[in-house]
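Read top to bottom, the protein sequences are chains A, B and C.
Numbering-wise, the first sequence is residues 1 to 173 according to the numbering used here.
Numbering-wise, the second sequence is residues 174 to 346 according to the numbering used here.
Numbering-wise, the third sequence is residues 347 to 519 according to the numbering used here.
Just so you know, the hints here were simulated from the structure itself, not pulled from any lab data.
Be aware that a few hints might be false.
Below, in silico cross-link-like pairs of lysine-lysine (BS3-like), each with a Cα-Cα straight-line distance of 30 Å or less [as the list claims (entries may be wrong)]:
{"hint": "1", "chain 1": "A", "residue 1": "K97", "chain 2": "B", "residue 2": "K270"}
{"hint": "2", "chain 1": "A", "residue 1": "K97", "chain 2": "C", "residue 2": "K443"}
{"hint": "3", "chain 1": "C", "residue 1": "K443", "chain 2": "B", "residue 2": "K270"}
Selected chain C positions facing chain B (Cβ under 7 Å, derived; list incomplete) [what the hints assert, rightly or not]:
{"hint": "4", "residue": "V380"}
{"hint": "5", "residue": "E415"}
{"hint": "6", "residue": "L417"}
{"hint": "7", "residue": "N432"}
{"hint": "8", "residue": "L438"}
{"hint": "9", "residue": "D441"}
{"hint": "10", "residue": "W445"}
{"hint": "11", "residue": "D467"}
{"hint": "12", "residue": "M478"}
{"hint": "13", "residue": "V483"}
{"hint": "14", "residue": "A485"}
{"hint": "15", "residue": "T487"}
{"hint": "16", "residue": "W496"}
Source: prediction; values computed, not measured.
Ideal placement from N, C-alpha and C gives every residue a C-beta, glycine not left out.
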Amino acid sequence: MTPEAGRGRSAGHAPGPIAAVSVWRHGTRLGPTVKSLTEYLTFDVPERMAFLNITPELERIVERSGVGEGLLLCNAMHITASVFVNDDEPGLHEDYKLWLEGLAPFDASPRRYRHNRTGEDNADAHLKRQVMGREVVIAITAGRLDFGPWEQVFYGEFDGRRPKRVLVKIIGE
Amino acid sequence: MTPEAGRGRSAGHAPGPIAAVSVWRHGTRLGPTVKSLTEYLTFDVPERMAFLNITPELERIVERSGVGEGLLLCNAMHITASVFVNDDEPGLHEDYKLWLEGLAPFDASPRRYRHNRTGEDNADAHLKRQVMGREVVIAITAGRLDFGPWEQVFYGEFDGRRPKRVLVKIIGE
Amino acid sequence: MTPEAGRGRSAGHAPGPIAAVSVWRHGTRLGPTVKSLTEYLTFDVPERMAFLNITPELERIVERSGVGEGLLLCNAMHITASVFVNDDEPGLHEDYKLWLEGLAPFDASPRRYRHNRTGEDNADAHLKRQVMGREVVIAITAGRLDFGPWEQVFYGEFDGRRPKRVLVKIIGE
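Sequences are here, hints too, so could you generate the full structure?
In structure tokens, the structure reads:
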């Protein structure tokens, strides 16, 4: 890492009358040692639906990568699971489960979902995953996940009880 | 590509009592030949709502790029369309259409949606696109899209019958 | 920037019988001067729910970065806010507010949401943010945000009346 621009504060432009914008800048000119690191996490969740905090594992991968400035991609490799950023608060996770069940109810019968006429019973999980998202892209700044005060990364399982994988890829310097 | 760290298996840390985590590592120190490639795909879908599998086209672009390790961004350039990853199963696609129609019904009248008081009739398409997402970011590992067993990329059209574009950008080594 | 592959047009492969695909190519081999730039925007929105167009600020950051080819990550650093791409049309924004309120109604009482038994009143904001998303990744091509005709970036606030931050990170050449 060759820090060419230090941290500084500059007056920002407000995008509209209702917002005050302040800007802190942190610029780095990367040298020729651009690196990538790819890792795979495997989960076998006993419940049908569950949320697991994977932030500590991501922090360890960032540390192992030695990347100072870069991007981290973390995505579910299965299409009935999500990776998302939100709060590590058990009550909220219960709210998510009830809310998602209302938006896309589990129904193994072939009546509600055509996908379940193929022998599957997990059409609802394919829908829930779209609401919660497949992936997150997270900034790495000064060797750390560049997070706000409450941001935590979760693996969201909507059709558990079998091993499933998450990909983590870091590109940077 | 200068593979400095080979593939290996290491015992991972479980993020909680209900998950077993295994980690495979694939690390690469990129040389100075970092590359980017940008391509644009154009679609003209005769239906109002449809899902098209664009995975083969993305695989051809990755091959053309010559990138071994990197990230691929694929996004709709129009705000009534999506790019998302899910299953190539026609029954599931019908489920998505019915589900999205329930969450955000088409209604060309100016009564339900204020956006349709502007002369437009596609407010529902702007809402559906938020559920399904604008973009995906996909890892490229060892020269291939690094996908789980069923991951396929779809262009989701919610206001078709005119030409619309998708951007594909690759950055890597 | 060392443009090795010029712009060209090639006949693309249609992913199915209902789509015509055209491909324009713009390839660049990046030199060793890969750069990153990180900035933070702060918002203090007086309403509980509001959408702010932050595209001009992102354009200024891209210009300051000097990056010609790269990726821009823009994400909310708070978990009751979103960054998303859609249309700058006030009627549509009203539609989003009503629609989100229908999907995840505000209810400060501890009855509807368990999260609000913790002393919080913003469980609905955590749900709304999942529908609208945490982040966008945008291509930078030839020194500009590579946008379709109507794409604009918005900060989506779902629990305002306190200062909150957005991260912008650029990686490229």
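Results for each hint:
1. K97/A <-> K270/B: Given pair K97/A, K270/B holds - Cα atoms ~22 Å apart, limit 30 Å.
2. K97/A <-> K443/C: holds (22 Å)
3. K443/C <-> K270/B: At roughly 22 Å apart (the allowed maximum being 30 Å), K270/B and K443/C satisfy the hint.
4. V380: holds (6 Å)
5. E415: Since chain B brings a Cβ to about 4 Å from E415/C, closer than 7 Å, the hint holds.
6. L417: Where the cut-off is 7 Å and the nearest Cβ of chain B is about 6 Å from L417/C, the hint holds.
7. N432: holds (5 Å)
8. L438: For L438/C, the interface hint holds, since the closest Cβ of chain B sits about 4 Å away, which is under 7 Å.
9. D441: Hint holds; D441/C Cβ to chain B Cβ min 5 Å, cut 7 Å.
10. W445: Because about 6 Å separates W445/C from the closest Cβ in chain B, which is inside the 7 Å limit, the hint holds.
11. D467: violated (24 Å)
12. M478: OK, holds: M478/C within 7 Å of chain B, min 6 Å.
13. V483: holds (5 Å)
14. A485: holds (4 Å)
15. T487: For T487/C, the interface hint holds, since the closest Cβ of chain B sits about 5 Å away, which is under 7 Å.
16. W496: Result: holds, 5 Å to nearest chain B Cβ.
Hint check: a violation occurs at hint 11 only; the rest are consistent with the structure.
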